Amino acid sequence: MPRVGLFATCLMNLFRPTVGFAAARLLEDAGCTVEVPLAQSCCGQPGYNSGDFDAARALAKQLIAAFEGFDYVVGPSGSCMATLRHDYPKLFEDDPDWRPRAEALAARSHELLSFLTDVCGVTAVNAAYTGTVTYHDSCSSLRGLGVKAQPRLLLGSVDGLQLTEMQDAEVCCGFGGTFCVKYPEISGRMVDDKLANVAATGADTLLGGDLGCLMNMAGRLRRQGSTLKVFHTAEVLAGMATGGGIGDGEH
Amino acid sequence: MDVSSPRFKQKAVIALANPTLRQALGQSRKGFVNKRAELVAALPEFEALRDQARDVKNHVLENLDHYLERFDSAVTAAGGHVHWARDAEEARNIILGICERVQARTITKGKSMVSEEVNLNAALEARGYTVVETDLGEYIIQLAKEPPSHIIAPAIHKTKEQVSDLFEAAHGGPRKTTVADLVTEARLVLRDKYFKADVGITGGNYLVAETGSSIIVTNEGNGDLTQTLAKVHIVTSGIERIVPTLEDVSLFLRILARSATGQETETYTTLSTGPRRPGDVDGPEEFHVVLVDNGRSKMLGGKFQDMLRCIRCGACMNHCPVYGAVGGHAYGWVYPGPMGSVLTPLFVGLDATYDLPNACTLNGRCQSVCPVRIPLPELLRELRHQQHQRGISPPVQRRALGVWRFVAERPGLYQFANRLAARALKSLGGRDGRLRHLPFAGGWTALRDLPAPEGKTFLELWHARKA
Amino acid sequence: MPDSRSAILRQIRTALGRGPLSDSAAAALDARRPAHTRIAFDEDLVERFVARFESRSGTVARVSRLDAIPAAVDAYRQAHGLPPRAAVARPLAGLPWPAGFAHHPGPAGPDEQMSVTPCLAGIAEIGSLMLASGPDSPTTLNFVPDHHLIVLPAGHIVRHFEDAWTLLRALPGGLPRATNIISGPSRTGDVELTIQLGAHGPRSVHVLLVEDGPAAGG
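Protein chains in written order, with numbering that gives the first Met the number 0: chain P, 0 to 250; chain E, 0 to 466; chain U, 0 to 217.
Take the hints with a grain of salt, since some may be wrong.
Straight-line distance between alpha carbons at most 20 Å, and here's what the computed PhoX-like set of lysine-lysine pairs gives [stated by the list, open to error]: (1) E:K34 x E:K10; (2) P:K89 x E:K302; (3) P:K89 x P:K60; (4) P:K181 x E:K175; (5) E:K195 x E:K230; (6) E:K175 x E:K159; (7) E:K425 x E:K455; (8) E:K8 x P:K181; (9) E:K192 x E:K230.
No lab work stands behind these hints: they were computed from the structure.
None of the values given here were measured: they were computed from a predicted structure.
Please take these sequences and the hints and turn them into a complete structure.
Below, the structure written as structure tokens:
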């Protein structure tokens, strides 16, 4: 049985543990054992994207050391896992000691949904969800990791779920890490354009694979008074989308 | 062109509030993006062509000195002249010198971004020359006294009504209100100028080392009339525009129009090889190419060499959601959008351009459509790195990063802080499960609620269960 | 004080971390003959040319023989309400033009409304025409008048750009001053992205496709 180290991600760890439990259940159902190293923190992406490559390297070394004993590292986030897969080897390009370790880890690092389909061979899940769903392809998952068909394949197996594609599903929602707080007006326009496309589908639920995007969109929806439900895809696939969604009340 | 990039944020906010700009940008997005997507879907060879285009450009850059020398010889053999300009001032002086020698009065111009880059028009007008932009988009913004807002469609931000206003004021006569009448009026007015022009200045999409030809690719025919009817034809071109042979030209012709405007081909592709030949009854008597360096050679051999592959198609900005929200003027210089956010800091310096590499979500759509596969998000991140190294990033950000690093390097402390935050934010979020205000997070809460956490961290919950 | 050319070349070489290329390296570059991907299609060359050209508002009239050209030109000018005069490139002057039809070999001045020119080739790949400037083919005929008529023998339609370059290189004197690849009438999208024909070049480009004419290069 493959040993998976589950990467908690900052946003999931702090804001929405349900996603982590959903991820673990899906991985265990797929035949993996799941462990969650205690000594983990951030993957370093905020530093990397702010140009502080030293800080990013320091955190990368920490993560590599914490996870390199596992068969796979899996996280419920295209954003973080793209950092591990693509950016870690680049960060250590000129470091003869860490470069092989970074490359080895990168090769074993996966975003959750694509891991289930592409590595574990999962084609269906045992879950039900009554509702019409539309799907936001987060940029790092889509363009960074080529994740597009995999979530749709799994969602297609959920009993009762109807998927309607939105226009411009591949256009950025305006989160972009610190971008949304540094350039809030531009981010606001981008999220409003995205949410107009969501509304046009008539769906009652919005799903995606990255909590940054989902919190950005859910936060804007609630500010506008919308009650559209927002979940991480893993929650629906694991049958755990029964309580409040992101930005809703009592969980 | 003057640099107003330091005012990016203010200009962006103003642009966001402009409904005509929003309408214009929305329309252009639909046109360029959808048409390109259709053509790409219909061309199975497209990805292979992109790879080959990238490879040819890389090959040229690795051998740029050789191909520039070959081009120089070939132009000279065809009876033309090549001038080498190290910087903007030199480029202007070369062109002013030619205009003075031939006693020019009227100068027509086809679209040339390099000529904007070196501030050519202002220098020509200061010497008393009449300068007429003949590309319709450039003509419109010349009348409006505005800079271009897109490298392919410079007047993309103008509505038809605004163009009617400009033409009415500039040409006199009854106000034209349909697109057809506006274009006809421009055609008549500019036709006269072509025939009067002493000097015609165009850009050069490609410079062919094999034959000494400059190539322009246009839809309107203005570049052709500019160069054919004037006594002197001057081409202004960056040194990186060289391609080795005509076979390389066909490669680029297969991807340029599709990427730029979503057309299979533009109307006119013209190769100009030297001045008029014995027996020709029309054509310029002199043919000059001004090769402009202006910072390009410095990009070779370094982290930004890939940017020199750019063929100025505009696909990146057409697909950029930030450009799509704020338009081109906010970027403050000649080149907007993703390619402009890389080039402007490199050409005018990091100090004046803090926002350009940062006003980007690194979403990568630009790279996914770049016909020569420039890794734009990587280059933008590298510029952020240089800003960080030089201490240009804002002090608040540096302090916040410092705190974040300190805590994150200590997982025990990090998890402790998260446990505190989970409880505090949950309680602040109340029954609604969201926060409307949060100190230090005004950028978020101005427009969004912050969803409250579930109340405990994943790590503590997981390890409690396993215990 | 080094001249600008030397300074720029030196800067390039310094940035690339080397000196000037050796003679053998330069010779290898000069001998480079790239073979890039071409766009594959199996339509008949003539049909492809016509379809692509017409898709951009170009028009095509099929003519059986060269000496039927003047009648086709006359039919066109009547259909468009034009007077019986045109700039006609010298190679076509000897065709049987109708009495009363005034023609001159160019150049085209601002009052010219119609021109009739030959071309070097048609390019089926994109449905474009390649025209070479010369004493008998002034460039202004291709751009100044509102109406540009081009005589294209069917046998002069080649498959790809590369086939057209071969013809170009084979011209006596090599490349002409101006090589125009023309794909249809002039157009602009600069006002609200609305495509409008007849920006600065001709409003109408009409190909007279001669079905029984000489083969390309002959």
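The hints, checked one at a time:
Among the hinted pairs, E:K34 with E:K10 is inconsistent with the structure: their alpha-carbon atoms are about 30 Å apart, more than 20 Å. Under the criterion of a C-alpha separation no larger than 20 Å, the hint pairing P:K89 with E:K302 is consistent with the structure, at around 13 Å. With a C-alpha separation of about 13 Å, the suggested pairing of P:K89 with P:K60 holds against the 20 Å cut-off. Distance restraint check for P:K181 and E:K175: the Cα-Cα separation of roughly 44 Å exceeds the 20 Å cut-off, and the hinted pair is therefore not satisfied.
Restraint check for E:K195 and E:K230: satisfied, since their Cα atoms lie roughly 10 Å apart, inside the 20 Å limit. A threshold of 20 Å between alpha carbons decides the hint, and for E:K175 with E:K159 the separation of about 10 Å falls inside it, so the pair holds. Under the criterion of a C-alpha separation no larger than 20 Å, the hint pairing E:K425 with E:K455 is consistent with the structure, at around 9 Å. With a C-alpha separation of about 10 Å, the suggested pair E:K8 and P:K181 falls inside the 20 Å cut-off, and the hint holds.
For the given pair, E:K192 sits about 13 Å from E:K230 by alpha-carbon distance, which is consistent with the 20 Å threshold.
Consistency with the previously given hints fails for numbers 1 and 4, ordered from lowest to highest.
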